[in-house]
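J.: Sequence lines, in order, name chains A and B.
Position 294 (the first sequence) corresponds to 294 in my numbering; numbering is contiguous.
Position 346 (the second sequence) corresponds to 346 in my numbering; numbering is contiguous.
Among the hints, erroneous ones may be present.
Note: identical chains are not told apart, hence a pair may lie in one copy or across any two.
Dumping the calculated SDA-like pairs for lysine to any residue here, alpha-carbon to alpha-carbon at most 25 Å [as the list claims (entries may be wrong)]:
(1) Lys225 / Asn120
(2) Lys316 / Gln67
(3) Lys202 / Pro121
(4) Lys203 / Arg21
(5) Lys316 / Ile140
(6) Lys202 / Arg22
(7) Lys316 / Glu123
(8) Lys202 / Tyr78
(9) Lys316 / Glu385
(10) Lys202 / Gly70
(11) Lys316 / Met295
(12) Lys202 / Val377
(13) Lys167 / Gly291
(14) Lys316 / Pro121
Source of the hints: derived by calculation from the structure; they are not laboratory data.
2 protein chains.
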Amino acid sequence: MSGNNKSPYLTPIAGNGLLDRRLFLQGGLVLGAAQLVAGNARAARQEPAARPEWMSVPGQPFTLYGQPAGYEDEVVRYPSPNRQMRNSGASWTPLHMLEGTITPNGLHYERHHNGVPQINPDEHRLLVHGMVRQPAFFTIDNLLRYPMRSQICFVECGGNSNAGWNKAPSQAEAGYFHGLVSCSEWTGVPLSTILSEVGLDKKAGWLIADGADAFAMNISIPVEKAMDDAILALYQNGERLRPENGYPLRLILPGWEGVLNVKWLRSLKATAQPIMARNETARYTELLPSGKARMFTFTMDAKSLITSPSGGMVLKQGPGLYQVSGLAWSGRGRIEQVDVSADGGETWAPAELQAPVLPKAFTRFRIPWQWDGAPAVLKSRAVDETGYVQPEREQLVAAQGRHGFYHYNAIVTWSVDEYGTVTHVYTSEAQQADSDISIDAGWD
Amino acid sequence: MSGNNKSPYLTPIAGNGLLDRRLFLQGGLVLGAAQLVAGNARAARQEPAARPEWMSVPGQPFTLYGQPAGYEDEVVRYPSPNRQMRNSGASWTPLHMLEGTITPNGLHYERHHNGVPQINPDEHRLLVHGMVRQPAFFTIDNLLRYPMRSQICFVECGGNSNAGWNKAPSQAEAGYFHGLVSCSEWTGVPLSTILSEVGLDKKAGWLIADGADAFAMNISIPVEKAMDDAILALYQNGERLRPENGYPLRLILPGWEGVLNVKWLRSLKATAQPIMARNETARYTELLPSGKARMFTFTMDAKSLITSPSGGMVLKQGPGLYQVSGLAWSGRGRIEQVDVSADGGETWAPAELQAPVLPKAFTRFRIPWQWDGAPAVLKSRAVDETGYVQPEREQLVAAQGRHGFYHYNAIVTWSVDEYGTVTHVYTSEAQQADSDISIDAGWD
């Protein structure tokens, strides 16, 4: 196919073939992508193909609630159950098989401490008590009468990506490595409305949130966040919550560590001090090089991840033009910029951010890449609106030590070999050698 | 519960109790909503309830692909199959049971002309030919290499809401009356990219799009729209398309009539003139009072709908504070304003629009309403960024006559009686009496 190769955007703007993000945005451009469709062009000189078999028979009937195509049956969550208690643990969203920014409800990541309770919504109650003028129960019907708010935001487990602390680079696919994060439109009653309703004591500093699962999950939430943007969520992507995501009621704290977004929410008790629950002392804390533990690390820092191409994929069609596509997000607000490198971080080019760029939500970034067939090393680096820059792995390890387990948000590096095979690597050999822990403890 | 009723926002700003949209947005307000939780307040003086049974047993295990809660099994699409050909027709999205703006994929409306084909994506081809420099086939794998774009937008059937033309007001629930519209994040390759790739002839004015279903759906698309914002969609809300929504490839024309968003897209042929297919001549046209038919009415005009409370619902908890919530959308761009009336249109108050307000997408509007227990008449009226104002039914009928069948976008009126029962009414008795057609022909 003949191409108009005169576009100024076809000149690489960073090493190893990264092209200007505007390449695909200008109208009327013929890409130098003839090899992509050369085979097809030959085919097109023949007559159109015969009618496929599915045009010869009537199609399938209506369904009351639709399901994915059978051909997509490998696009599933990846469960990693606890060895002793198989209904507990986590399951990963297959980020590497998705595009756009919304996670479909069937693929939202899961994290359970004792399985998914089967709650009758007519019997479920939210008790709001403690340091309030008037304690109260709320039924789901009560809550449904209150004014609602919607927010598209991510929820991310504090333990997401923790294989990044491992000695050797994990070769799990991108989603099964970094997919304890998902992004939905959550709708429900602002928690501030309900706290006003019960008359929260001005001296209350914390809310102890309790879940109605068999684990009786509990954790402490600062009142400041509760009054800011917390949502008592009833709906997820338009429909009522899914059981594994807290049906019938879940606390959503946009941008904050997943464990605080308590599912199956049963009670909120206003207190002066945090409860020092297991999941804020023995778990969800980070052991620092000093030997002290960092607690209450609520906000999820900026992070990014190239989802395509990513670990386990092969650039089957050989050298040529590819789209590099990925996700970035920050618990502190909007993503300001994502830079991509194809030469292991020597040079960087800014990726296109898909509008709308929403605060505390997945932001899809994309950039064209002309792969020349030689080995390449792909990275992405997010910057959020506070100016925070996603760290390299060695920076993160230097700051946090090696016993963190939680809050791993370092730059992810994908190596592409001359066959187009993509693997996960650590940039520095030294980093691999001196690592001394293995994250293989499973999930309680 | 004691309430601080001093908020200036508790003074009605329009007839029959419509309150300022800012009532729920200000911090620290105690609503005058004591009656909502009076029963609960009594309960709260007792000890917290005993642990529910689901806290006494381990929960359910992980699922690879999640499903809605069993208690939500009535939240389904409503199929209206053709009597002679039961796999054809339409199925409605239950808008009255949803909140927020995203439609979950399992509930996206359907419109089929001969059922849902079961397409093997590895065998599917898109042929782009006709007035192009170089005709070409594209496999799904080819398309997946191209740069993508995502857009959250609605798709609406031209025949949506057509029971509005009926002589008597339909008493179907809001979604089963107006739910041939849904809103998703669509991701795919800009059609302009592919048309550049094949070298579209400057003299081509139309693209004839063909579907790979047994109906062999075809229709004409203006090149101008194709080059503007049309998407060759591969993903819907993050995951690959569902079969009933065009798997593996669908044309998305943001804001344009559903029938043009060709599913199971098989070929695009560039031509000088439209093909004058059945679905742009015998169907999807509107017979005007003059006897002429209006054709090529591509853009879906602004529309709004109160989804709660809406037809068939009952305000069970009696007089008091309610949230009026609904959806607005326009094929011409952003929704600028939605006004709500509780007195049948005598007075109006502006509703709050949930951010982000995106062009050609569902916009959720909400406004607080203090129902005094007397009969009330609720309406919503959308205004889009072009200044277009959603018409009253009598205006629409005066302009379009009674034989339109398609493009019904009049203001919807819900009557609330003294028992809180909500029914659909036409504002003018005269309108009911002189109607002479019944839309009961089913869908071919």
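J.: Using 25 Å as the alpha carbon limit, work out where Lys202 and Pro121 are close: within a copy, between copies, both or neither.
T.: Classified as neither: same-chain Cα gap 32 Å, cross-chain 60 Å, threshold 25 Å.
J.: Is it within, between, both, or neither for Lys203 and Arg21, if the alpha carbons may be no more than 25 Å apart?
T.: Neither, since 51 Å and 30 Å both go past 25 Å.
J.: For the identical chains here, do Lys316 and Ile140 meet the 25 Å Cα criterion within one copy, between copies, both, or neither?
T.: between (51 Å within a copy, 14 Å between copies)
J.: Evaluate Lys316 and Glu385 at a C-alpha cut-off of 25 Å and name the case that applies: within, between, both or neither.
T.: neither (37 Å within a copy, 46 Å between copies)
J.: Between the shortest in-copy and the shortest cross-copy C-alpha distance, which are at most 25 Å for Lys316 and Pro121: within, between, both, or neither?
T.: between (49 Å within a copy, 17 Å between copies)
J.: Have a look at Lys202 and Arg22 and pick one of within, between, both or neither, based on CA distance no larger than 25 Å.
T.: The answer is between: 23 Å across copies meets 25 Å, while 52 Å in one copy does not.
J.: Tell me, please, which holds for Lys316 and Gln67 at an alpha-carbon limit of 25 Å: within, between, both or neither?
T.: For Lys316 and Gln67, neither the intra-copy (29 Å) nor the inter-copy (34 Å) Cα distance is at most 25 Å.
J.: Given a CA cutoff of 25 Å, do Lys202 and Val377 count as a within-copy pair, a between-copy pair, both, or neither?
T.: neither (54 Å within a copy, 41 Å between copies)
J.: With identical chains treated as interchangeable, where does the CA-CA distance between Lys316 and Met295 reach 25 Å or less: within a copy, between copies, both, or neither?
T.: Result: close neither inside a copy nor across copies, 46 Å intra and 46 Å inter.
J.: My question is about Lys167 and Gly291: at a cut-off of 25 Å on alpha-carbon distance, are they close within one copy, between copies, both, or neither?
T.: within (20 Å within a copy, 78 Å between copies)
J.: Could you place Lys202 and Tyr78 in one of the four classes (within, between, both, neither) given a Cα distance threshold of 25 Å?
T.: Neither way: Lys202 and Tyr78 sit 44 Å apart in one copy and 49 Å across, limit 25 Å.
J.: Evaluate Lys316 and Glu123 at a C-alpha cut-off of 25 Å and name the case that applies: within, between, both or neither.
T.: between (54 Å within a copy, 18 Å between copies)
Hint compliance for this structure: hints 1, 2, 3, 4, 8, 9, 10, 11 and 12 are broken, all remaining hints hold.
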